[in-house]
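What follows is the residue order along each chain.
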Amino acid sequence: MNTSPHALDPAPDRPMGLSIAQMGQMSRLLDEALPLDEPGRRLWLQTLAPEYQAVAQALREALLPSEAQSAHIQGLTTLPKLGAADEASGASGLHPGGRVGPYELIRPLGAGGMAEVWLARRADGAFRREVALKLPMLTGLRADLSQRFARERDILASLEHPQIARLYDAGVSAEGLPYLAMEYVQGQPVTSWCDAHGLGVTARLQLFLQILEAVQYAHEKQVIHRDLKPSNILVTESGQVRLLDFGVAKLLQVDEADQTPLTSVYGRALTPDYASPELLRGDAVDPRSDLYSLGVLLYELLTGARPYRLKNAASIGLLEQAIAALEVGKPSTRLKQPVDAHGAGAPPHLARQLRGDLDAIVLKALAKEPAERYPSATEMGQDLQRFLDGEPIRAQRAGLTYRARKFLLRNRSVAAVSAIALAAIVATIGYALHRERIAHASLAAPMPVSVMKPVSDKSIAVLPFLDMSEKKDQEYFSDGLSDELIELLGKTPALQVIARTSSFYFKGRSEKLETIAAELRVANILEGSVRKSGDKLRVTAQLIRVASGEHLWSETFDRDLHDVFKVQDEIASAVVAALKVHLLSTQPAAARDELRTEIIEAYNQYLRGMEAYNRGDDDGFQHAVAAFSAATALDPRYAAAYARLALARFWQADETSDLAGYDSALAAADKAVALAPGLAAGYSARGFLRAICQFDFAGAQADLDTAVALSPGDADVLHRSAVVLAILGNLPAAIAREQAALALDPLSAEINMRLAFFYVANQQFAQARPLYDKALTIAPTSIRAWYNLGDLELQEHRPQQALADYRQSALPSFSLTGQAKAQYALGHYDESRRILESLISHHPGDNWEIAEICALQGDADRAFEWAERAYASRDAGMTWIKINWVFRGLHGDARYKALLHKMNLPE
Amino acid sequence: MTQLTELLGRLQAGDTEARDALFAAAYPELHRLARARLRDGGRNTLLDTTCLVHESYLRFVRAGELRAEDRRAFFAYASQVMRSVIVNSVRERIAQKRGGDGQPLTLSTNIVANVADDEATVLGVHEALDALEQAEPRLAQVAQMRYFGGYSEQEIAETLGITERTVQRDWEKARLILAAALR
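In the order they appear, the protein sequences are chains A and B.
Under numbering that gives the first Met the number 0, the first residue of the first sequence is numbered 0, with each subsequent residue one higher.
Under numbering that gives the first Met the number 0, the first residue of the second sequence is numbered 0, with each subsequent residue one higher.
Keep in mind the hints are simulated off the structure, nothing from the lab.
Backbone N, C-alpha and C fix where the C-beta goes; we use that ideal spot for every residue, glycine too.
One should not assume that every hint holds.
What the hints assert, rightly or not - Using C-beta positions, here's what the derived DEER-type ranges look like: (1) B:GLU163 <-> A:GLN52: 32 to 42 angstroms; (2) B:GLU163 <-> A:LEU35: 21 to 31 angstroms; (3) B:PRO136 <-> A:TRP43: 22 to 32 angstroms; (4) B:GLU163 <-> A:ARG106: 37 to 47 angstroms; (5) B:GLU163 <-> A:PRO64: 49 to 59 angstroms; (6) A:GLY197 <-> B:PRO136: 20 to 30 angstroms; (7) B:PRO136 <-> A:GLN239: 30 to 40 angstroms; (8) B:GLU163 <-> A:GLU219: 40 to 50 angstroms; (9) A:PHE126 <-> B:GLU163: 48 to 58 angstroms; (10) A:GLU182 <-> B:GLU163: 37 to 47 angstroms; (11) B:ASN87 <-> A:SER172: 50 to 60 angstroms; (12) B:GLU163 <-> A:GLY507: 37 to 47 angstroms.
Given the sequences, and given the hints that come with them, work out the whole structure.
Next up, the structure:
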């Protein structure tokens with residue numbers, strides 16, 4: 000107020016300090032003066048033209064705040080708070096001692112938005128206990144509020160759980176004021192409590208598990224919170240978690256018909272930061288919406304910040320769009336400062352913990368699609384518990400993209416699914432931990448009885464030779480050498496040689512030989528080391544009979560690099576001799592030479608290509624193509640390189656469905672066959688490509704039969720051949736061949752899974768199950784395995800179990816397809832259709848999967864429509880059409896027959 | 000709801016009268032928001048108000064699409080409503096404290112001695128803003144949205160179709176001018 004020293008004058012009428020014209024002047028003058036610094040402003044003021052004297056004082060005060068500090072200027076930022084205690088007309092006076100319904104107000108506890116909370120007690124002294132009385136200041140309430148209250152109140156009052164604040168009573172006072180009497184809880188929001196007590200990750204997670212338990216309890220009682228956030232999740236002094244306002248959001252819905260996404264509970268918006276996308280959009284909300292909010296909370300608890308990096312959270316419209324569109328960053332990358340204020344979780348250590356599993360759990364909870372989140376609080380809790388116990392979690396770790404999915408979808412035999420899953424994890428530091436878990440997981444799943452046979456004396460596994468180079472950068476060479484030995488020995492019919500995938504499974508692990516031998520079911524093991532430096536090569540090798548521990552043979556070779564093939568031959572010969580096997584190789588020496596190259600650099604490139612190819616990731620195939628091409632450029636007669644090139648080029652083209660790439664792959668395979676008609680690799684590659692690229696199954700079968708004849712001990716060849724047989728509908732033959740492949744490659748997740756798949760197609764469910772289990776033990780994150788297991792459950796009429804399995808499949812295309820099928824089987828037709836539509840709009844390219852769902856849903860027309868699209872895009876899934884269980888019922892349909900005809904499949 | 004749908008239809012056809020009617024239909028809601036704002040003052044984050052207004056706006060666009068100008072107009076209108084509601088509330092309170100005189104209140108009538116600083120400030124800003132609207136309309140708009148509406152700078156920028164930087168400069172000037180007017 001104006002406390003002028005000349006206060007003796009009567010307080011004058013207060014004219015406006017400035018006239019309109021003067022305001023205009025001030026505006027223009029400020030434009031000049033504001034950009035200046037203080038000395039500049041002083042000068043400017045001094046030289047102000049005389050006609051502006053009237054506003055000079057005002058300008059001075061505005062520009063030089065150090066002089067004549069006017070409270071008004073400082074305070075004029077926003078509306079002053081004009082008293083909270085007395086509300087607008089209409090409400091009964093809210094003051095201590097006032098009455099609301101049966102309660103007497105004691106003192107205000109707080110207020111926010113359109114609700115006030117008072118400490119209160121029963122006026123009639125019926126109960127001594129104090130309650131927190133929540134008074135939503137709603138206007139526009141519906142007339143039937145009392146009835147609605149009564150209905151919901153009973154449900155909410157029945158929530159009795161130590162971690163949930165009780166709702167004692169709800170009603171509407173005589174004046175029409177609604178009230179909620181709740182348990183009075185004193186505590187701190189969980190986020191600040193954790194910070195204040197300096198809790199580390201484990202302790203925070205344990206607290207979080209408490210929260211999940213409470214939420215699960217409420218969900219089981221059909222109550223969704225809808226507004227979970229730290230201010231609603233308090234921790235008491237004794238460290239107990241208490242959840243507030245459960246179900247209150249729904250209770251106070253102002254008008255359901257008018258519901259907008261941000262419709263506030265009390266007329267004030269829900270905190271958008273924790274709200275799920277479907278809530279913000281105004282779609283139907285189910286318990287998984289709460290899980291989303293909890294995901295946000297977990298993120299915040301672990302990193303100290305919320306997951307959304309929105310530039311400016313002030314505009315809700317933008318927020319909505321942003322949430323729908325953004326990719327939530329992994330918690331481990333978001334870590335700003337140690338979660339533990341006392342430094343016990345310094346960033347690198349904490350980031351390591353977070354990376355991988357916790358990332359996966361949090362991101363799963365934050366999936367945009369409810370169907371992709373944890374289906375229940377319990378399951379989220381279980382995964383967290385697994386993490387705490389150091390066990391493998393169910394949530395998928397980051398890394399597998401659509402490309403990987405296509406990669407997995409194909410009938411790859413060279414690299415098992417497990418290798419891919421491992422490759423994705425290699426990048427994270429959690430890799431070592433993960434490997435440990437696999438080691439401890441039981442590998443001894445029983446094999447189908449029909450495949451069990453005694454371990455032969457003439458069986459051998461070649462373990463990856465160690466890289467002894469100085470810089471340890473020659474692993475591709477030592478791996479390559481081991482590979483070659485496997486191939487060489489594999490050509491000896493009487494010798495049973497374990498395939499690469501399985502014997503390389505133990506790479507880098509210090510497993511006892513007895514364990515390895517038992518796992519692989521072999522009597523002998525060949526191991527060694529390679530040291531390549533410049534042009535010199537030193538190789539050591541030893542053959543061990545495991546049962547007795549006896550070294551049957553060992554030697555060290557010090558040679559020139561050029562002699563590498565000779566060295567391989569010598570080792571192979573020595574092994575063969577030691578095992579007393581007659582070298583009745585079906586291939587004459589000349590043919591064997593076709594395998595190889597005279598030019599050492601070509602061989603080097605070949606090995607590089609193998610290494611890249613076996614990596615199985617996107618770059619891998621590109622590098623592989625480059626390396627194999629280089630090898631063939633150096634030696635145009637290098638048949639083996641052509642054969643590998645064909646496959647590498649195929650996988651590369653497959654990523655982008657590049658049909659021209661398929662052609663060039665086939666050309667390379669043709670070249671391999673032409674150059675070396677005695678070489679199995681060429682036929683194997685070409686057979687595979689004929690089947691997949693051209694749907695030429697008859698031609699494929701011919702090629703693969705040739706390959707099997709040329710190389711009967713090759714698991715890859717057997718596997719591919721089995722696949723083609725199955726595609727052609729010859730299940731018994733396919734099963735027999737795949738069993739043979741499995742005997743040679745018992746630790747290939749892919750082969751285990753494929754054999755199980757064949758069993759299921761042949762209705763031999765009991766035999767399939769242990770194989771799926773084994774596949775999942777080897778590769779717990781195998782997308783295909785979980786999905787196929789789900790199919791098994793559906794066929795055994797266990798849709799609930801199927802649903803659970805499908806959900807484990809981490810790639811949405813598979814998971815959603817499965818869920819659509821399972822929901823249909825459960826009778827939830829609407830949900831099934833909803834998922835189908837979601838699949839159609841969000842996952843283009845899943846033509847075959849969509850066709851399958853339509854067929855299951857009984858819509859044959861739509862099924863065939865999508866099947867046609869699948870055919871047009873050469874969708875790999877549809878190669879199984881003959882043995883596909885869903886389409887079994889459509890075998891009589893003319894369209895089905897037409898499709899088979901197009902695909903060159905017999906009826 | 001059919002009335003609103005009809006209004007929306009006319010609105011899309013460019014009928015400005017319909018727009019006014021439409022916005023008037025939003026009045027009760029905005030009224031509620033303003034009261035909330037009045038009670039909490041600047042204590043709540045700016046987020047609350049803009050999102051409440053946005054939400055209110057959303058109710059009416061659910062049925063169809065309003066053009067960008069319509070959204071802006073709505074938001075501008077909303078801040079105007081807020082202002083009038085707030086000012087009315089303040090006058091009511093003053094009247095109540097004085098025993099309900101029924102006299103129209105402006106600061107130019109000599110009742111200053113009985114009115115608290117805060118309430119006087121609000122009324123003062125309101126009246127000064129009237130004048131500023133004539134001198135510098137955009138400054139006044141910005142000030143109204145900021146002070147009475149509680150909008151964020153970004154929201155104001157979007158609504159008026161200017162840059163945030165301009166909003167900041169405008170608000171800075173408006174503040175100083177209004178403060179000078181209140182001396």
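Evaluation of the provided hints:
Distance hint check: the CB atoms of GLU163 of chain B and GLN52 of chain A are about 35 angstroms apart, consistent with the given range 32 to 42 angstroms. With their beta carbons about 22 angstroms apart, GLU163 of chain B and LEU35 of chain A fall inside the hinted range of 21 to 31 angstroms. In this structure the hint that PRO136 of chain B and TRP43 of chain A lie 22 to 32 angstroms apart at CB holds, the actual value being about 26 angstroms. Range check, GLU163 of chain B to ARG106 of chain A: Cβ separation about 42 angstroms, and the 37 to 47 angstroms hint holds.
At about 23 angstroms, the beta-carbon gap between GLU163 of chain B and PRO64 of chain A misses the expected band of 49 to 59 angstroms. Between GLY197 of chain A and PRO136 of chain B the Cβ separation comes to about 55 angstroms, which falls outside the hinted range of 20 to 30 angstroms. One distance hint, 30 to 40 angstroms for the beta-carbon pair PRO136 of chain B and GLN239 of chain A, is violated here, with the actual separation near 58 angstroms. Look at GLU163 of chain B against GLU219 of chain A: about 48 angstroms separates their beta carbons, and that is inside 40 to 50 angstroms.
Separated by about 55 angstroms at the C-beta atoms, PHE126 of chain A and GLU163 of chain B satisfy the suggested range of 48 to 58 angstroms. Look at GLU182 of chain A against GLU163 of chain B: about 45 angstroms separates their beta carbons, and that is inside 37 to 47 angstroms. Taking the beta carbon of each, ASN87 of chain B and SER172 of chain A are about 27 angstroms apart, not inside 50 to 60 angstroms as hinted. The hint said 37 to 47 angstroms for the Cβ distance between GLU163 of chain B and GLY507 of chain A, and at roughly 56 angstroms that hint is violated.
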